[in-house]
Amino acid sequence: TMIGNICLFCTMKTIILQMTKVVNFFNSSHYWGGQLNDEARKLGVKWKMKQNCESHFYALILKSLSVLAYWYVLNKVQRY
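Read in our numbering, the sequence shown has 55 at position 72, and its numbers run on one by one without any break.
By construction, these hints were calculated from the structure, which means they are not laboratory data. These figures come from a predicted structure and were not determined experimentally. One thing to keep in mind: the hints can contain errors.
Claimed, not checked - Straight line, CA to CA, 25 angstroms or less: simulated DMTMM-like cross-link-like pairs of lysine to aspartate or glutamate:
1) Lys46 <-> Asp21
2) Lys46 <-> Glu22
3) Lys59 <-> Asp21
4) Lys4 <-> Asp21
5) Lys(-4) <-> Asp21
6) Lys59 <-> Glu22
7) Lys31 <-> Asp21
8) Lys33 <-> Asp21
9) Lys33 <-> Glu22
To be verified - If you anchor each label on the Cβ, the simulated ranges turn out as follows:
10) Gly27 <-> Met(-15): 32 to 42 angstroms
11) Met(-15) <-> Trp15: 14 to 24 angstroms
12) Lys25 <-> Ile(-11): 29 to 39 angstroms
13) Gly16 <-> Ser47: 14 to 24 angstroms
Positions of the beta carbon are idealized from the N, C-alpha and C atoms, including for glycine.
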């Protein structure tokens, strides 16, 4: 499939792996996930990080949009 070919591309594979690590860390940590969501709410981000859903393509899009929406928040939290 087209999405499969995109995911196999070396650069995309690296980016997807990094996004997955970030999303998994914050979604699995009650404390750090809560801290991140509090900061995100203060900055106007209205949803939580998402990862899994019905299709591989939709999961990739949701994960990408989540990390993009949280990009500023993640950079702000990283400075602490």
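Flag every earlier hint the structure violates by its number, smallest first. 5, 11
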